[in-house]
Amino acid sequence: MTAALEQMLTANGLRHHVVRWGDRPIDVVLCHGFLDIAWSFDGVARALVEAGHGVVSFDWRGHGHSEWVGAGGYYHFPDYVLDLDELLPQLGERPVHLVGHSMGGTVSAMYAAARPRKLRSLSLVEGLGPPEMEPRDPVARLRAWLDGVAQVRSRERSPMDGERDALARMRIQNPELDDELGSFLVARSTKPVEGGIQWTFDPLHKTLSPRPFQAAAFRQILEGISTPTLIVAGQRGFRLEDEQERIAAIEDHRFVEIPNVGHMIHWFEPRALASELGRFFAACGA
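Numbered per my numbering, the sequence shown spans residues 143 to 428.
None of the hints are false.
Pair by pair, the computed Cβ-Cβ distance ranges are:
id, residue 1, residue 2, range
1, R396, G215, 35 to 45 angstroms
2, G215, P354, 15 to 25 angstroms
3, R236, E385, 25 to 35 angstroms
These aren't lab readings, by the way, just hints derived from the structure by calculation.
Here a beta-carbon is modelled for each residue, glycine too, at the ideal position from N, C-alpha and C.
Assemble the whole structure, with the sequences as input and the hints as a guide.
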């Protein structure tokens with residue numbers, strides 16, 4: 143069975159939890175999505191190792207077992223891009239195949255546009271960015287952000303009763319989650335506290351960002367990507383009104399759809415995803 147090694151690496155002063163599968167030089171970096179964890183790629187990573195790759199993933203700041211930003215801090219998309227820029231040189235000197243799911247795909251796309259020489263390929267798994275946010279009074283948005291942050295800082299988090307409680311909450315969005323995978327994920331994304339367990343992510347992530355996502359600006363980023371790009375969609379995954387425009391903005395791209403799966407492709411169809419990734423890597427001269 144493929145061995146997995148955990149370690150901590152520092153980027154921008156924050157310790158990041160890193161998981162490495164196998165002992166080959168790292169050529170694949172997997173970036174998880176919002177409120178997910180590095181370990182959720184376990185099935186994909188093991189399949190890629192079997193195919194001859196060296197694979198690593200990590201918890202974004204404020205997720206999993208990576209450090210929270212701490213007093214006075216917040217989470218903005220450029221922060222994740224900066225973290226990635228500091229982490230990659232610590233993982234190896236050669237360009238890598240960068241794979242991002244959902245939020246991790248958005249961050250990876252931003253990084254690919256800015257640092258093309260660091261990458262051999264880019265794969266966006268349900269990762270073409272969130273939908274355009276409806277216009278909103280900027281003053282009202284700032285007020286909602288301030289109120290949300292103040293509430294998080296002043297309120298104690300109520301613990302969950304245990305694994306079954308956490309599993310039930312995960313199944314609200316993913317009812318097909320079975321006990322085996324669910325227990326695996328819960329064990330790695332919660333921590334024991336008095337009275338039960340809590341998620342390890344920073345509750346600040348649940349607040350409304352003061353900066354709305356702007357699809358037009360993100361399309362400009364997609365237009366700036368020169369790296370060969372694979373776009374992976376789940377048959378039942380998220381769909382965007384301007385999805386075709388975003389796809390077309392990436393000059394050198396391929397598109398594949400994995401059947402009978404929704405947004406969390408890496409959870410429920412890890413081998414199918416790994417197979418598509420492996421074929422793409424080979425086409426890019428893996």
